[in-house]
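Chains as they are written, first to last, in numbering that gives the first Met the number 0: chain A, 0 to 440; chain B, 0 to 573.
Keep in mind that the hints were calculated from the coordinates and are not lab data.
Idealized CB from N, CA, C, for every residue including glycine.
Treat each hint with caution, since some may be false.
Claimed, not checked - To list a few chain B residues with every Cβ distance to chain A over 10 Å, as calculated: (1) A58; (2) L64; (3) G76; (4) Q78; (5) T495; (6) P504.
Said to hold, decoys possible - Derived contacts from chain A toward chain B, CB cut-off under 8 Å, selection only: (7) W67; (8) L166; (9) Y251; (10) A293; (11) P295; (12) Y307; (13) L309; (14) G312; (15) G348; (16) L352; (17) L367; (18) V386; (19) L399.
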Amino acid sequence: MIHTLRSRAGTRLRELELLITASLLLIVGLGTLIARDGGLVRWADLAIVVAFTGLFVATSFALALRGWGEDQLLLPIAALLSGLGMVLARRLEPDLLARYGSLYGSIALKQVIWVLSGAVLLALISFVPWRMRWLRHYRYTWLACGLLLVAITAVFGVERNGARLWLDLGLFQLQPVEPLKILLVVYLATYLDDRRNLIGSSAYRLGGMRLPPLPYLLPLLIMWGLTAGLIVVQKDLGAALLFFAVFLAMLYLVTGQASYVAAGLLAFGAGAWALYGIFGHVQPRVDAWRDPWADPFGAGYQMVQALYALANGGVAGAGLGFGDPTSVPESHTDFVFAAIGEELGLVGGVGLLLCYALFALEGYRIALRSRDGFQQLLAAGLTTAIVAQALIITAGTTNLIPLTGITLPFVSYGGSSTLVNFMMLGILLRISAANKPPAVL
Amino acid sequence: MDRLRQIVAWLGLFLGLAILALGLLAPDAMQWRLHLLTGLWLLSLLPRAHVSRRLPPPARGVARLTLVVVLALGAVGLQLLREQVVWADATRERVALLRQPAAAAPDAATAVRPADRTSLGSGRVWPVEAGTATRGAIRDRNGVLLAETRDGRRVYPLADLGHIVGFQSRLYGNTGVEATFDDELSGASTLSPTALLEARLLGTPFDPRPADVRLTIDVELQKAAQAALGEQPGAVVLLDPRSGEILALATYPRFDPNQLVLPERASEADVAQVQAAWQALIERQDSPLLNRATQGRYPPGSVIKTFTAAAALDSGVLSGPEAQVTCPNRLETEAGAPPVVNAVENLARRTGDPSDLRRVYAWSCNTAFAQIGLALGPERFIEYARRFGLGFADAPSEPPLRDIAADAGTIAGSAEFLQRPAALADTAFGQGQALVTPLDMALMAAAVANNGALMRPYLVQEVRAGDEVRYQARPEVLRQVITSQAALQMRAVMQTSVEVGYAAPVALPGVTIGAKTGTAEAPPGAPHAWFVAIAPVEQPRFAVAVIVERGGEGSRTALPVARQVLAAALGVQP
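Given the sequences, and given the hints that come with them, work out the whole structure.
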């Protein structure tokens, strides 16, 4: 027994090395900020570094001892990104306080709590016994939970910035769209996997166009309706875009038909075009995307500020703590990428993108190697959800596509989003475990 | 066939790279996005050709998805490259050139000739017989009546706002808002030029539609400012730094405009009475007709150190509030010139030695600011003066306030003066040739308060006739005088002055205030007392400047006035 454990202890050395690298980034970042503020190191700072490193390293070590052979790259990437997120929250807090008042009090401490809770959640998902099969079994429960969440938010939600996205739970405000991401991916994975064999069996024809068979058409229509509903009721364009992208990606994986994706995109485009005319909140986004300089103090203000921040960053950036990132509204959540671009420069921004690219490569590799169709779809869906979210917001804040508000996974400040991202990571790790005993499948 | 595909794919790779490179240089964003899409599609040909041949069907989908995601991330990376490197300078330049859409300037304001912009009245008489019975009213921001026409006679219910509202006198012309917005108030602006010409040539009466003018002044705060100033000659300016709205503009001595107005049918006795009142006003030694708040030009004294410090922080001469600065007792600047000395001997005991910017500002150390001015050098000093709206006596800048007569301050007689080190050092700490108005100093503090953005000050909120809005003032950024980072640091410096320095007595319970005292020597006689302040420091809503002529030390006479005004504005008990 001891012998096996000893032989297993060294199996996750790569992950350990990378985790230590991620901790070094946290230490250097915190050190920069502390040096800028006069060099006073508080006990809390040390506690944060120790807790952060300790939690991740302990998780890694425990995974090694159990020896299921999980993937070794995803955890360090998440640690790196969330460490960067904590540093940024700490860096932005005083500036946000000075500029916008006490509304943004103690976001640094809160983000530390969220990230550490996320790590604990990850450990729980990894070590509390549960079966992959449950996800599949209770599919309609998940779907019902998701729809209920949306309905509750639509009725009881709290409105902020003109969007009704938050549910006030007393202790904290939940953003129901975040758990909805997991629920939806799980449901879609089960649904699409069940109907895998129907590919190309019976195609409907509408005029000259070949339509997908009904089992694909129906959820497609439902998804289309749901996303449109999200836009109309909750005014949450970012989530709608994300859900639709994830759905199309999974549909493509099952069918291998690019034409379905094209049809979906067309439908989305038509819906967006219709909504563009009808709803006031879509139009300014598109106008600001087309030419933010046309109205630099109105609709284009945030974008112009973001572009200015990026321009000020240059190649190497202004340096952590030496820019003025809070001149961009929402710099700690949706626009955190602009803050990174300003203070860490092109190098930091591209580095961050590389992290997400690595995450995608690793996530899809897990999908390729997973043992059944359901797990493959689930892994691909979860990976797509995280990376597509990163894409939507980074491309949005750099004015590549119209801006739709959504958080940058693991980096942005926010409780719901951090926790849910760690949950998704936990499920991905579980799928990647090559040697897991059959009992947990 | 396969070979052909291979060649096409390789060609696509090179073509794609070329298109991307061209796109990076394209100034139009839409064009760039199109280039990006085409270029990435061409780039993807090669990996796609490999993927389709080598992989089994289920893996092919995943591989293609991966390719799409990686290419999309690459697109964001290229966008970063474009925004952060290729077009970064262009973006910075565009931001620097941005102007907020200027409020449509009222014709009346621009049409007034400079000669007419004195508070002594121009003698200009409108040649068209506009019925005075129908002239519009003037109100404060909350609707309190400040001027109206009753039975053909112009009445000013609040007698002591003559410097702002002005007067409409058939003998001495119009002044103040009555003059700049005369066309709107009389309704002449609604007439077509031909109708006006006809009315002028034929002397026929016309039917104007007069409009009411609403000011940004808050009468309650105006009264508080006047009460705080009391009967000391001087002025108080209170404005909202975020918009440039002037909330109170008190000056003493004042005059009652009612005594200069003739009734519709004036008897000879009425005319004689008005003439006597006018004669008395213009003969008084203390110039009651002069609007000291916007036209009184005084040496700035130590309050100008706010400007010097802001310039040093913005230009990088000082790295931050904690930057080290020394405060020696004497500072030799150039041979033959008297050395710079401090107002108090051994000031270094209070500031510490070496000290930092916070403390030399709080204790108003002349020698420290002389050094900072010298470190800035004349070119940068002049540039920052221009940004803050201070010109030269031989090349004055345009006064920022358009709604009533105003003068712009000057930093020196001419640019040559500041080339001498002794002159530059003197100007940097508040002596030399600088002459500024209280409004200039309020704007200086306001720019610091508003993250470095200097807003155009204004007095007239809107002009409307019934439901029709004829003029609507919109906040307008005149210039970004310093970066918001420097402004943030400057606010911290100003706050220290209240926490530990000479400005400490201004403190109010529950509010953070940033401030600077000033004692401007103007021999012969006692110095002028100055005080500028912003509050609350975190999110400044008020900027105030006070001068008490011959008031002695700023902290003794001007500070209590500012404190009372701030207390009234912030709604706290002093």
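Item to check | Hints not upheld, ascending by number | outcome: 1, 2, 3, 4, 7, 8 and 10
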